[in-house]
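Using the sequences provided together with the hints, build the complete structure.
In the UniProt record's numbering, the protein residues as written are 1 to 156.
Read the hints as simulated data drawn from the structure, not as lab findings.
Hints are not guaranteed to be accurate.
Stated by the list, open to error - Quick list of the computed label-pair ranges, beta carbon to beta carbon:
(1) N85 / R29: 28 to 38 Å
(2) A45 / P143: 32 to 42 Å
(3) A37 / S113: 43 to 53 Å
(4) A37 / D4: 15 to 25 Å
(5) G5 / A94: 30 to 40 Å
(6) D4 / H42: 25 to 35 Å
(7) P17 / R112: 13 to 23 Å
(8) D4 / M43: 39 to 49 Å
(9) P34 / T11: 31 to 41 Å
(10) R73 / G24: 38 to 48 Å
Note that the structure is predicted; figures quoted are calculated from it, not measured.
For every residue, glycine included, the Cβ atom is placed at its ideal position computed from N, Cα and C.
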Amino acid sequence: MSDDGIPSLYTWAGGLPALERLTGIFYQRVPDDPLLAPLFAHMDARHPHFVALFLAEVFGGPARYSEQRGGHRAMLAQHVARHLNEAQRARWMALLLECADAAGLPDNPEFRSAFVGYVEWGTRLAVLNSQLGQLPDKQAAMPAWGWGETGGPYRG
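As structure tokens, this is what we get:
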């Protein structure tokens, strides 16, 4: 919680249980998606948990992803030489947003604006880092995503 009483996006979302629900639903649907299924055909069974840990840290939760998996640089490295394209990126984002509804993530405009903002930025970064010859910055700091322009939840 910030000094002004505004919770982190992590807290507002419902913490790690909510993010694990999100990634669990998402990765259950991926095998049925013709654009995404090939990308995750050999996915580690723990992948949904790792992505939930990553999102938790980005949104202001504990730094478990950095401690256990190596931080943002390690996440970026997962995309190297995968040759992701715009259609795959857009579908990943659309499916994740569908799953956010299915997982019961908050649907207030301020949270969704911040959530969509991160997913938009993060998926575009993944595409950039997946192209031939791209290597992630060795000093890539873990993103710390907040409420952005809205400044927090609507208080009426």
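Status of each hint after checking the structure:
| no. | hint | result |
| --- | --- | --- |
| 1 | N85 / R29: 28 to 38 Å | violated (20 Å) |
| 2 | A45 / P143: 32 to 42 Å | violated (26 Å) |
| 3 | A37 / S113: 43 to 53 Å | violated (30 Å) |
| 4 | A37 / D4: 15 to 25 Å | violated (44 Å) |
| 5 | G5 / A94: 30 to 40 Å | holds (34 Å) |
| 6 | D4 / H42: 25 to 35 Å | violated (45 Å) |
| 7 | P17 / R112: 13 to 23 Å | holds (19 Å) |
| 8 | D4 / M43: 39 to 49 Å | holds (40 Å) |
| 9 | P34 / T11: 31 to 41 Å | holds (36 Å) |
| 10 | R73 / G24: 38 to 48 Å | violated (26 Å) |
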